[in-house]
Amino acid sequence: MDKKKIYPWYLAAGAFAFYTVLYLLPSIIGIGYSFTDWSSYSDQVNFIGLDNFKEIFSADRNYLDYIRNTFWFTAATTIGKTGLALLLALLLSQNVKGMNFHRSVMYLPSVLSILIVSLVFTSILNPKNGILNEFFRAIGLPFLAKNWLTDPNLAMWSVIGVDVWRGMGYIMTILIVGILSISPTYYEAAAIDGVNGWQKFRYITYPLLKPTLAVTIVLNVLYGLKVFDIVFALTNGGPGRATEVMYTGVFKEFSLGRYGVGTALSTVMFVIMVMTGLFMIKILTGNEVQEQ
Amino acid sequence: MNIKRIPPFVLFKNIVAWLLSIIMLVPLALIVMTAFKSGQDAVTLSFALPKQWDVSNLTTVIERGRLYRGFLNSFLYAGAGTVMTVMLASMASYMFSRRRTRGSQILYFFLVLGIVLPTNYVALMKVMQVLHLINQRIGIIFLYTATQIPFMVFLIYGFVSRIPISLDEAAVMDGCGPLRLFFSVIFPLLKPVFISAGVLCFLNMWNEFILPLYFLNATDKWPMTLAVYNFFGQFGRQWNLICANVLLTILPVIIVYLLCQKHIVGGLTAGAVKG
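Top to bottom, those sequences are chains A and B. So for the first sequence, our numbering puts the first residue at 13; every next one is plus one. So for the second sequence, our numbering puts the first residue at 2; every next one is plus one.
Calculated directly from the structure, the hints in this document are not laboratory data. Any given hint might turn out to be false.
Stated by the list, open to error - Under the rule of at most 25 Å between Cα atoms (straight-line distance), these lysine-lysine pairs were calculated in the PhoX-like manner:
#, chain 1, residue 1, chain 2, residue 2
1, A, Lys66, B, Lys127
2, B, Lys222, B, Lys14
3, B, Lys127, A, Lys264
4, B, Lys127, B, Lys222
5, B, Lys127, A, Lys238
6, A, Lys109, A, Lys212
7, A, Lys238, A, Lys66
8, A, Lys264, B, Lys222
9, B, Lys127, A, Lys222
10, A, Lys109, B, Lys263
11, B, Lys127, A, Lys109
12, A, Lys212, A, Lys222
13, A, Lys222, A, Lys140
14, A, Lys264, A, Lys66
15, B, Lys14, A, Lys212
16, A, Lys212, A, Lys238
17, B, Lys52, A, Lys140
18, B, Lys192, B, Lys263
19, A, Lys109, A, Lys140
20, A, Lys238, A, Lys158
No experiment lies behind these values; they were computed from the predicted model shown.
Please take these sequences and the hints and turn them into a complete structure.
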């Protein structure tokens with residue numbers, strides 16, 4: 013059979029066109045614009061060399077903090093979600109009554125709009141009359157009642173906490189499906205050999221779950237680096253710049269009309285994500301190749 | 002095996018499961034209760050049941066929050082975007098999975114790379130301006146499509162590969178052209194993945210916030226997420242109204258979720274878990 017005739021290129025043309033023009037092209041021309049003083053104040057766009065990047069990487073501006081905050085958020089949420097989800101998936105994959113109910117409940121936050129979830133949490137975390145602080149006061153631990161979103165030392169942890177709450181169920185569901193897909197014969201054989209629970213995990217569950225775990229980590233890292241909604245709605249980068257991440261920083265520059273700096277910041281992000289991304293895509297597509 | 006020791010552990014597991022479910026449900030319960038409270042009771046979210054169940058919040062919100070229009074907008078953007086995305090992505094992934102030449106594999110990789118690439122929103126504005134798509138409904142639909150295509154290609158590719166190639170051969174023997182082969186032979190077989198991918202894509206588009214925030218200035222074109230955000234800014238202390246608004250906004254999503262749960266979980270885990 014002539015594959016070229018049966019599966020012509022034009023089948024992919026539509027997807028390719030949309031993706032290239034509205035997704036890839038902006039990133040490419042954005043690199044060009046990041047060397048200019050493009051702004052909303054002037055019609056002229058002048059080449060200014062590396063000035064935007066000098067500004068971003070200069071010590072007396074805050075941009076490096078944005079990048080640091082993004083990495084911090086990504087690392088903490090990835091470890092938090094994956095760790096908790098793995099623990100819970102191991103615990104709850106068997107012998108739980110009404111597991112379908114629990115799974116749908118725990119999965120629910122991931123289908124809701126992140127923005128709306130975050131808006132609701134601004135009330136829950138309100139220092140004066142939010143339900144979390146009320147709860148701590150009611151159980152006699154008033155010292156735990158904190159200024160969750162306005163204390164610069166705490167705000168990032170609060171954002172991370174809300175995100176772990178929101179995303180953990182999704183990762184747990186993936187891991188439970190992964191655990192249940194491991195053939196029970198391994199465990200039966202292990203039981204005959206008299207292995208203990210830790211050995212079962214270490215030598216059967218963990219190695220067979222590793223590809224699934226890798227994928228969840230990839231998903232979490234990609235989400236973390238691109239985070240916007242949850243920070244925007246919970247703290248909008250505040251207090252001060254304590255929770256500002258790359259995408260909220262880009263939006264601020266955009267709102268101020270400083271398009272040149274905005275594109276430069278996006279370009280820095282682009283470079284970071286292409287470097288991590290190529291590696292991550294290998295993991296994602298690598299799994300698939302194995303299967304065939 | 003020590004049978005006597007099992008029950009306490011199983012009990013513990015069940016307690017943990019319930020605790021977790023409760024933690025997940027608390028905010029939702031708060032929203033529902035507050036949505037029916039009168040203004041004075043709802044200075045903040047609390048667990049006190051409404052003194053009297055007040056339905057007027059919902060009607061107020063529908064009138065003042067432009068909820069109706071927001072709903073229609075969201076539905077249009079997510080609906081049209083999903084149909085386009087699923088169509089284009091399935092055609093592309095079918096081509097990639099069948100040809101498997103070096104060129105098509107590179108192109109597949111190139112498209113899937115979009116899963117990781119960040120969007121340069123500032124430069125995208127320039128592209129949108131040049132194409133006269135800024136502040137346009139069709140522009141937002143196109144943007145949604147472009148952003149969802151990479152993941153959908155990745156998702157559908159896995160399924161298409163499992164359709165036996167002998168079907169294609171038989172159809173070609175019978176004189177099927179490439180388009181007819183795809184639309185009358187392959188397309189119907191992809192129905193299960195269309196449901197998973199479609200629901201997933203729809204939810205992602207329904208919940209999208211950042212693209213309309215950048216590219217839709219006109220309030221009458223706002224989707225629900227943006228309308229809620231704006232409403233929140235206007236009625237910052239009236240939690241009964243905000244919760245009524247939030248409730249009406251997330252209700253369609255929860256209904257879709259409950260109806261299509263199997264497909265959503267199936268779709269999201271399909272790429273991740275290999276049985």
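Could you work out which of the previously given hints the structure breaks and list their numbers from low to high? Hints 2, 9, 11, 13, 16, 19, 20 are the ones this structure does not satisfy, whereas the remaining hints hold.
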